[in-house]
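Can you make the complete structure from the sequences, with help from the hints?
Listed in order, the protein sequences are those of chains A and B. Heads up: the first sequence runs through residues 1 to 229, numbered per my numbering. Heads up: the second sequence runs through residues 1 to 602, numbered per my numbering.
Each hint should be verified, as a subset may be incorrect.
[Stated by the list, open to error] No farther apart than 30 Å at their CA atoms in a straight line, the calculated lysine-lysine pairs in the DSSO-like style are these: (1) Lys170/A with Lys515/B; (2) Lys486/B with Lys473/B; (3) Lys473/B with Lys7/B; (4) Lys245/B with Lys274/B; (5) Lys515/B with Lys223/A; (6) Lys7/B with Lys305/B; (7) Lys185/B with Lys296/B; (8) Lys274/B with Lys37/B; (9) Lys413/B with Lys223/A; (10) Lys413/B with Lys170/A; (11) Lys598/B with Lys296/B; (12) Lys170/A with Lys524/B; (13) Lys185/B with Lys223/A; (14) Lys486/B with Lys515/B; (15) Lys274/B with Lys7/B; (16) Lys599/B with Lys274/B; (17) Lys547/B with Lys131/B; (18) Lys296/B with Lys599/B.
To be clear, the hints were calculated from the coordinates, so they are not data collected in a lab.
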Amino acid sequence: MNDSTDGREPAGKDLPRVDRRTALRWMGAATAAIPVLEREALGAERSGTRRPRLPAGGYGPDPDLLRSYQPGDLWSLTLNDAQRRLVMVLCDLVMPADESSPSASSLGVHDFIDEWISSPYPGQVEDRRILLEGLAWIDVEAIRSEGEVFVSLPAEKQFKMCQALARRAKASSNTFPGSFFYRLRNLVAGAYYTTPEGMEDIGYRGNTPQDRWDGPPPEVLEKLNLPPQ
Amino acid sequence: MPIVSPKQLRERYDVIIVGSGAGGGQMAYTLTMEGLKVLVLEAGRVYDPVSETPMLQTWNQAPLRGVATPDKQYGFYDASIESGWELPGEPYTNASSEPSRQFRWWRQRMLGGRTNHWGRVSLRNGPYDFKTRSRQGIGFDWPMTYQDLAPWYDKAEMLVGIFGDQEGIENSPDSSPGVLLPPPKFRAGEILARERARPLGISVVPVHRAVLTQQQDAWRIPGRLHPGNPRAQRLLAENMRLRLKCLFATDCHRGCSIKAAFDSTSVYLAPALKTGDLDLLPQAMVHQVTLNAMGKASGVVFIDKQSGREHRARGRVVVIAGGSQESVRLLLNSQSNRFPDGLANSSGLVGKYLTDSVARRVSAQIPALENLPLHNEDGVVGQQAYMPWWLAGEQETLDFPGGYKALLVSGRKMPNLNIGRRFDQVSQADGIPFGRQLKEEARRYYGSFQSIGAQGAMAANDDCYCELDPVVKDRWGIPVLRFHWKWSEDELRQVSHQQRAMAEILEAMGGRFFKRPLAEQPEKAIRQGGTIIHEVGGAIMGAHPSKSVTNQWCQTWDVPNLIVGDGATFPGTADKNPTLTIMALAYRAADHLVDEMKKGNL
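This is the structure in C-alpha cells:
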C-alpha cells in the first residue's frame, strides 16, 4: 500500500461533508431517483462549432505517449485519507484476492479511482459527483443500519451491503445509489483487468512480440470441433 | 534534413503538394523519385513513428487507462496528435440541427495525415464500382474502368506492402500474382465464422491490410516499380530493408515503430527525403492557391502556425491533398476574378457529392468460444478476416443498390477499461456481478464475444455536400465548411439488410444477442455521416468538364496544372475502404504528371 500523500490535496471544500441534514437527505435519496447524464467524453457539442470548455490541467493534444503515468502525475488527486481507505475496501470487495490473482488494492486500483474522479475532463465529471456522493452515502447507510462506518463493519456485512447495491444497480444503473455501485464496479473491474496481473488472470496472453503467428493451437480447434488448419 | 522553415523555401518548386497523407505522400514519393523538386506543406507537426509510437504500453501506464478525452479523441495511445472531431479554433458547421443530418469531420494535423490513424484495411474497388451510374442508374460512373487503374493498384500494393489472398470473388478483385504478402492465419472465432457462414453462401476470407507479414522483397520490387531508375531502386530497396515484419502484437492504430504497418511517413516520405529533392514544411496551414496571369496555378499562400505570419510558396504545379474536405475548402477559399465561386469551380460542383461508408456493427456472445484453452490471439492485431459482398451477382433481387463488406472483430484482445461491464448480460448473478463471481465469470466469458461490422457503398446524391459557411471563420480568419447531409432510402434499406445478415451469421455461430439487431430501425442503426472517417468526394472526377471537377488524371478541368490528389475526386463510395484507391489514383496521377511535365505540357 502506498500511503504517500504527494500530489494529493487536502479534502477540498467541494467534497461532501456529512452533517445531520445531509445524512437525512441522503437516506431519502436512497429511494429517490437522481437522473444521471449520459457520459460523453467528447461533450454534447457535435457539430464542431465549438470545443467543450475544460478546466485547466489536462495533458494537452500532444502528450508524451511513451512515458508511464502514475495517478497524481498530471493533476491533483481528491480523496482524503478516510475516503481513500473506504475506496480501498470497496475495491477489494469488487475484485478480491482469490486462489489465482491478487486484490484490486494491491494493484493500486484505488489510486486509479482517485485519478479518475480528479480528472479535469468532462467525461469524468458525473463519475466524480456520483462516486463522492456514494462514498458519503455508504457510510451514512452503514451508521444507520449497523452503527458504524462502512470500513469498520465485518466483511460479511460489507459484502451484504454491496450485494444489495448490486441488485439495485441491475434494476437501474442510473438511479442512485445503484448508479454509484454500477460506476464503481465498472471502474474497479476495468482498472483491474488492465493491469498485467489482471490481464493474466482473465486469460489474455498477448502483447508479447512473436516471431510468428500460427493461429490457434490444436487443443482450441479440438474443443471447437474444427479440423486442424 | 530537408525539413524547412518558411524562410528556407526555394524560389520555385516543380511541384507543391498540400498534405502529407495517403495521397500527398504517394505523389511526393513518385515525383521525387523521378527527380522533381517538391515541396510538401503539412498543417501539423513533424511526427516520427519510429521514436514516438507506444508499441507495447499497457493501458495502466496511460492517464485514465487511456480512454478518449477531448485532447486524445480516439484514446490516449491512438496515433493522432493535435487531431480529432473537434479542434480548438478550427470549427466546421452543419446546416441542419437534426441529429440524423449531422456530418462529423475528423481532421488529422500531423505528418503522415490519417495514415497514422488507420486500420490499414486495403481493398481494391471492383469493376462494378466504377460503373455505378450504368449499373444502378444513380450516382456517377468513374471516367475510367477497373482495368485502367489495376496496374497502379498492383504498384501501390507492392510499394506499401499488403497482405491478402486470391479469392476470385465477383467485384472484389484479386491482385496480380506475387503482389500480395501472405495473409495471417485465422483466429478461433474467425475459423468458426468461416465454417458457420459457408452454408449461408457467405465466404469468410482473409482481409487485405497494409501490414508486413513478411519483409518485402527488396531485390525484386524496386526494379519492377522503377525500371531504368537506379537511384529510385536503391532508395526504395534501402527503405524496404528498414521495415521489419509484424511482431504479432500491439494495435496498428498506435502507429508502428518497426515500420511493419504502413504509414506515409515511414514508407513514402522517408525515401522521398533521401532523394534530397523533397522539402517538407510543417505547421503550414494553406488557405489559398494562387493563379498567374495565364490562369495557371502558380503556388500557395499559407499561414505559418508558429509565427502566425502569412507566406507564399511558388511552383509549376500545385497538388492539393489535405484530406478530401480540406481540399474542397481550399478550392472554395481560393477565389479570384477568374474564379469568383472558388478555384476550378466553373462547373459549380466543388463541394458537391460528398459520400461516406454505410456502416453499423452487430455483436453477440458465442457460447462455443467460452472457456477456451488460454492462448495468444493477437495475430496481426485487428481485422484478419472479412466477408466480401456476396450478392454482387444478384443485386437486382435486392431492394437497394450497391453492396457492403463485413469485417470480423473477434478474439482474446487486450482488455480495456470497458471490460468491467462486459459480462453483465451473461452473468448468473442476481445483481450486477462483482467479487469472486465476477472474476470467475470474466475468465469464462472473456474472448467469447464476436462483432461483425458492415461497411457499404453509397452513391453520390444531391443532399450531401459542403459549402463555405457565410459567417464562421477559423482562428486564422479562414472561412470554414458547412456540411449538408442526408442518408437516402437506399442507404437505410442497405443498413436493414446488413443488420439482418450480420445477425444471421452470428446466429449460425450460436450467438446470443443482448442488443437486438436494428433491422427494423435503420435510421437508428446507421452511423452518422463522417463517423467511419471514409468521407470522399467534393471535387469529383468525370468525363465532362461541365459535370465534374477533374479528369481521370485528377487534373482540374479549369486549371490543368492543379491536381486534386486525395479522396475528393471519388465520384462515389464503394463497399471498399477508400485509402488504397486514393493511393492508386495518386500514383497514377503522379506518373501522368511526370509524363506531361517531361513533354512540356505543364
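Hint-by-hint comparison with the structure:
1. Lys170/A with Lys515/B: 16 Å, holds
2. Lys486/B with Lys473/B: Given pair Lys486/B, Lys473/B holds - Cα atoms ~24 Å apart, limit 30 Å.
3. Lys473/B with Lys7/B: Satisfied, since the Cα-Cα distance of roughly 27 Å is no more than 30 Å.
4. Lys245/B with Lys274/B: OK: Lys245/B and Lys274/B at ~22 Å, within 30 Å.
5. Lys515/B with Lys223/A: Roughly 28 Å between the alpha carbons, so the hint for Lys515/B and Lys223/A holds.
6. Lys7/B with Lys305/B: 14 Å, holds
7. Lys185/B with Lys296/B: At roughly 52 Å apart (the allowed maximum being 30 Å), Lys296/B and Lys185/B break the hint.
8. Lys274/B with Lys37/B: 13 Å, holds
9. Lys413/B with Lys223/A: Given that 30 Å is the threshold and the Cα spacing comes to 20 Å, the pair holds.
10. Lys413/B with Lys170/A: With Cα atoms ~26 Å apart, Lys413/B and Lys170/A stay inside 30 Å; holds.
11. Lys598/B with Lys296/B: 18 Å, holds
12. Lys170/A with Lys524/B: 25 Å, holds
13. Lys185/B with Lys223/A: 18 Å, holds
14. Lys486/B with Lys515/B: Roughly 26 Å separates the two Cα atoms, so the pair holds.
15. Lys274/B with Lys7/B: The given pair, whose Cα atoms are some 21 Å apart, holds under the 30 Å limit.
16. Lys599/B with Lys274/B: Holds, at about 26 Å.
17. Lys547/B with Lys131/B: 16 Å, holds
18. Lys296/B with Lys599/B: 17 Å, holds
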